[in-house]
Structure formats: structure tokens, C-alpha cells
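The primary structure of each chain is shown beneath.
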Amino acid sequence: MIAELGHYALALALLLAFAQTALPLLGAQSRDARLMGAGAPLALGQFLALAASFACLMHLYVINDTSVLNVVQNSHSAKPLLYKITGTWGNHEGSLLLWVLILALCGAAVSLFGRNLPSALRARVLGVLGLISVGFLLFTLKTSNPFERVWPPPPDGQGLNPILQDIGLAMHPPLLYVGYVGYAVTFAFAIAALIEGRVDAAWGRWVRPWSLAAWAFLTAGIALGSWWAYYELGWGGYWFWDPVENASLLPWLIGTALLHSAIVVEKREALKTWTILLAIIAFGMSLLGTFLVRSGVLNSVHSFANDPERGLFILALLMFYLLGAFILFAWRAQAMVPTGIFAPVSREGAIVLNNLLVCSITAVVFVGTLWPMFADALMGLKVSVGPPFFNAASFPLVVPLLLAMAIGPLMPWKRAALWPVVQRLWWVAVLALAGFVLALLASGERVLPAIGFAFAAWVIGAALADLAERTGLFRVGLARAWARAGGLPRAAWGAAIAHAGVGVLAAGLAGMGLAHEKLAALAPGQSMSLAGHEWRLEEVRDVVGPNYTARRATISVIRDGQVVHVMQPSRRWFPVARQNTTEVSIRTNMMRDLYAVIGEEQDGKAIIRIHYNPLAPWIWLGAAIMALGGGLSLADRRVRVSAPNRVPKGAVPA
Amino acid sequence: MSGLSRRLLLLAPVGAAAAGGIGFYAALDRQRSGEYNPRNVPSAMIGRPPPDFTLPEVADSGIAPFGAADLRAVGGPVIVNFWASWCVPCIIEHPQLMRLAREGIPVFGIAYKDKPEDSLRFLRQHGNPFRRLSRDEPGRVAIDWGVYGVPETYLVDRQGIIRWRFAGPITPEILAQDLRPLLARA
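In the order they appear, the protein sequences are chains A and B.
Read in the numbering used here, the first sequence has 551 at position 551, and its numbers run on one by one without any break.
For the numbering used here, add 654 to where a residue sits in the second sequence, where the first one is 1.
Straight-line C-alpha distance at most 35 Å; calculated DSBU-like pairs for lysine-lysine:
no.: 1; chain 1: A; residue 1: K605; chain 2: B; residue 2: K767
no.: 2; chain 1: A; residue 1: K518; chain 2: B; residue 2: K769
no.: 3; chain 1: A; residue 1: K518; chain 2: B; residue 2: K767
Distance ranges between label pairs, derived from CB positions:
no.: 4; chain 1: A; residue 1: G525; chain 2: B; residue 2: R834; range: 49 to 57 Å
no.: 5; chain 1: A; residue 1: M590; chain 2: B; residue 2: K767; range: 42 to 50 Å
no.: 6; chain 1: B; residue 1: W740; chain 2: A; residue 2: F389; range: 37 to 45 Å
Sample of chain A residues facing chain B (criterion: CB under 10 Å; computed from the structure):
no.: 7; residue: T273
no.: 8; residue: I280
no.: 9; residue: E309
no.: 10; residue: L312
no.: 11; residue: F326
no.: 12; residue: A330
no.: 13; residue: L378
If you're looking for bench data, these hints aren't it; they were derived computationally from the structure.
Given the structure is predicted, the values throughout are model-derived calculations rather than measurements.
Just so you know, even glycine gets a beta-carbon here, dropped at the ideal spot from N, CA and C.
Isolated chain A (complex conformation) (with noise of 0.2 Å):
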């Protein structure tokens, strides 16, 4: 009965993200208010059709319905009621539950927030963000009915596979997806902008927020699957370069791209087709994503269900969505012209300067993650692109953006001059020489984990260089700074805070480039020593949990003849999935982590892997703070209170 209702529920949703379609786009097309009006309950009461859909789902899911396929396929009586509700988008049906019902989130986000929008602005956006709804709930209902029915019911369900029973995977999906379908918004924004023909000071102004937001929680969502990875996979590193991976970072970079042009659109109305072009794209980078995780064309860890007719019609459907928008692009970017002009020195010039090499670091993740597929499937060559390639492609070209997103924040708009940027920076280049030296020193003479953290100090102390100006630090004394510093717009501290943060993970990935690992047998009482740290493997024993056993090492980190940490590291062994998994332990002081890894035993020894990973945590933080950026960005008084006032066309703005 549950089940049927959410079945029903979701067709329901269907009829209404029809009618969000074509009755909102009709209306701002005939100029026909009512109908531009209907655009925001369809929104709505699409939003809560998909909610008691997922409600229904996650019932089913705690209640451990058998009878229905998609629970017997991937959850269990005996599995922890946390993992029974996080289950619901464990899986691939349920995921993509989630994915509409965020989607239909956000058009009820614009429906309640966009008051203040042009009723024909706001109309199309909400028709497009129904025109993508309808791809993607029927491709929900025709290929991945999350309510399917088994007969006869089996006893119990199959299980969830036992790497994703954790909360910070758990939490992982529904942040990407966030981010993923924040950027659907921005694509409905510029959608919207191209049948009008205009954008302007404005149509930036609201478009900001709506990227900041996507792209701090992908930001987010980014970080904690490469934490996740870190504590959970038990391999000691935190990115592989795995194709799903970069799916992610593909929307992340356009996304990063596009808050900064953006920011040009809104204060200088310049790079708007550019702009609008950036906003098609990063919608495209997700549903690119998405068309890679879920058809199987990939080789990856991640990867759901192989399915080619579904990956097919994931392909119609991101093919109907970003061909469509290409060619309106094509058909209307003509009518965009910019009014605000700037020499290519300036924060413009900076920010284009940003926008081209992210789009080059973009470019090589886009070729170096499709590359081996198009090879293999098409001209049957087997090639393999790893890390090694990323790395190489990619830092020649983080180099110069960690060089000039110090420079940019500092320039002014319109036309500037290098030289006095370059003077209110030289003690942050001080800073950064003596980073490079120290670092040289200490790590033995390692040169490129010593560049990482130059760049961190440079780019950390440009941020702290950006606010001192902006405060007058320097100028008019630390309590009169003080006082201005409560003033500046929070946008200010966000751009300064995700700048800092951007250092203080190279930092992060520069520590990580002194790690250390041992690998050895042990039997209880032996030991083995790394990096000034003795550890001693004290005995291994059976522990039972609520859906697994596990052996558990208990491993005593000794330094100076004193014990400073117990870790026990355990493999645990889940008989519903039949499948093992490591828990690794982890000892951090925030400067390094202990790592520990038990592998097989024989013989009465058992396989300990051990790490010594410095500054490990910073990656994470970093992006924490990053993200943490992006949300005091959002919250700026300019989002927050003014309504943007339309300028009329042709009108200069002041």
C-alpha cells in the first residue's frame, strides 16, 4: 500500500512538473500573468509529491518491506536503523528518488525566495527547472521504479554492501547532489536569459548566490567522498584520479569558473556571454556525471548498476537538455552585448586569467577521464591514464592560478597597474620564499612538496594581505582596522576566507607529499618503527558487531619509551554481503596522522600497515573552509536584503 502510494505519488509529480513546464513558459511568452503565476505552487506541490514519494520510500526502508525489490536488493533486518534510512539513496533507484526530489527542492527555493524576480524571469526559470524534472522523472518511472514489487516476498533483503554503512558516505550523495542540481538553477537562469536576449547587472546579482551555494556544497560533497576514502578504503591516500571522481571535479571546476565570472556579469556587465555559456556547461559537467556513474561505461569503484538502457537514456536526455541550450546559445548570444569594457590588467583581466586556466585544468580531467574510454571502445586500444598523467597535466597549470589568485582580489576593477599589487605583496612573497626554504630544509631537500608549500603561505598570506587593505590595517592603526573590519561585506571575508582555504589545503596536499608507510608481518609482541614512532602489535582478537565480526589489532604507538597512543585497526566481516571490509584507525593532532591498517593473518602474524601522514587533515579542513567561504559569501547583506532593481535596457548603471 505504502509503496503504491509513493509510485503514485512520483507519477503525480510527473503531471505537475508538466504543467510547471508549459503553462509558466506559455505565459511569460503570451505575457499572460495568470500563467506566469502558476509557476510557483506547480513548483511547490511538485516539491511535495516528490517528498511524500521519498517519505513512503524511506518508510519502507525502515520497515524492511520485503516484498518490495528495490529494499530486498539492498537493505536488511539486522542492519542498524541509521543505515536503514541512509540505504533509501544507497542505492541507484533511490539516489536518483533523491536527486528529483533536491531538483523539485530548488524550484520550490525560487518559487518562495524569488519574489522579488521579474514575473517573467521567474516564470521561465521555473519552466525549465520543470522541463528537466519531467526528463528525469520519467526516466525515474520508466527504467528505475523505486517501488517495484517482488512475489513472493524472500524472508530478508540482500543487504547493503557494507562500505557505504558509514555516515560520512551516507551524507556524501545528498551534498553532491545539492551541488549537482544548484547548477540545474544557474542553467534555468541562463536558459531564461537567452529567450529573453538579455543579461544584465541583475540577472548576475541572482545568479550568484544560486552558484555559491552549488558550489560550496559540492565543494562539501567533493571533500567528504575524499575523506571518506581516506579513513574507509584503507589504501592511506584521499584522491585516486578515479574516473566517478572526476566526474565530480568536472562540474566543480566550471562551477569555480563560473562564480568568478559571474561576480564580472554582476559588477561590471561584461563576460556575459561567457558567463551564460559557463552556466550551460557546468549544468552539462553534472548531468555528465551522472550519465557516467549510472550507465556503466566506466570502469570504477563507484559505479551503480551496469545498466546500457539506462545509461542510454540518460544519454537522450543530457543530449535533449545541453543540444537544446547549445543551440538557443548559439541562435541568441548574439543579442549579448557588453556594456562595461576593462584592460587586460585589472580584476577582470584577473578573473579571465582564472576562468581560462581552470577551464585548462577542467579540459585536461574531461580528456584524461574519457580519453581511455573513447579509446577502448571505440578503436579497441587499451590505454590506461593514472595519476601520473593528472598530476603532471595539471600542476603547470595550478601553478599560475595559485599565482594569480593572490594578485586578482587586490586589483582594482576596470584598468590597473601590477607594480603597486606587486608592492603591497612583497612580504607575502617573503613569507612564501621563506615557506620554500624551510620546508626545503626539513623535509630533505624534497623540492615539489616544498612548492606546495610556498604556494600555501603565498596564497594564505595573500588573503591575510587582501584584508589588511581592505580594513587599512596598515594605514590607520589596529582598532580603527578593527571597527572597519566588522563593516566589510561579508562577500569580503567569503572570497578572503575560500582564498585562505584553497592554501591551507595545498598545504595540506603538500604534508601529504611527505607521507610515510611500512608494511609488515607481526605477530603479537613484535614491532616495527616509522617516522620516530615505535609500534608494537599487542594481540588480535574476535569482536562482534550488530551485522559483522571482525579481528581487531591493538597496536601501542610508543615514543620516547612511552605509550602516546592505542590504535586498533579491525577487517570486519559482513556474512550478509559476504564481504570484507577494513576499519582503519586513525590518530590525528591535526599536524600528522597515525594510520593503521590490518591485513590477513597466517601463521600466527598478521599484516600491519602503518602510515605517517603530515598535515593529512589541512586537505579536508581546507576544504571545509573553502565551503565555509562560499556560505559567508551567501550570506552577504547585497543577497540577503536589496532587492535587485532591473535597470532598464540601455540605461548605464552608476
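Go by the hints and put chain B onto chain A.
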């Protein structure tokens, strides 16, 4: 920039997206027809004759051993299976090998890094699918074949060329979807 080149530039994304779409469609199509499998570990041996080798018999098995020359002498498709008694996935794939043997398809086995008495015990317990059986206790011939681990299975066609390689147990699905169509053609 002239109007025409600007127009062409604006059309570039359409072209790029269309080309990408066609490429993805082709990849999906080949995946459906089985020509492309992203999970396949590449083998340098596909399309080549097997390396030259001779191997001794598994003592007391009463099954004749085979070498490279015997593979060519069959005159039809042969399945070559590297296995060991200590390998758990080998037990999983065993029923599929038995089925092929019952259907009269020649399955040649190579016992890899296995003691003859252990190999024999395995075959007595589970049944013998092998028409010919050799022993590669040092594992040297397996290196020449590029064996990844046991079980690993090769299909040699009637011309004596390796057409297919699979690392891991042959499940009923692999048998039906991958091996059978190839056997029909080989």
C-alpha cells in the same frame, strides 16, 4: 571579430556536444553488443598464438598432459583453464567447466602451483572436467601466458589463436554472455 566567425564560434559548443553524444552512443552500443567491456583487464595475448610450452602430467591422474602443439592439433576451439586445488573461486567456477565438458567442448586444464596429490583430491571430490591436464608447479608457463591469478581461462580458436581471456571465476552469467557467443564463432 567578424559576424560570421563569431557565429561559427557560437556554434562550436553545439558541434562539440553532438560529437560527444555520438561517441557516447557508440560506446554504449558496443557495450550492449559485448564488444566493449570497461571491466576487462587487457591481455597482451589476445589475437596471438599461445606461447610455446611443454608440461608434465599430474602424476597418477591418468589424464594425458598437453603442450602448445597439442592445442593446435585439436582443430577446433579449446578452453584452457589455469586452476589450483587451493583456490576457492575455482570451486565456484567448477560446475560451469563440468557443463562445458559434458557438452563435448574440450577443456584443457593446467594445475598451477599445486601438488599433484592435492590436484587429484580436488578432481576426485568435485569431478573432472579436463580432457587434458598438465602440471605447472613452478608457475613458469603461467608467466608466459600472462596469467594474473587463478582461476584464469583462455579460449583458443580453431586456427590456434587466443581469442578471449578471463581472470576470475566463470560464473553462469559469464558463460552465457561472454563465452558461449565466442565458442559459437571460434
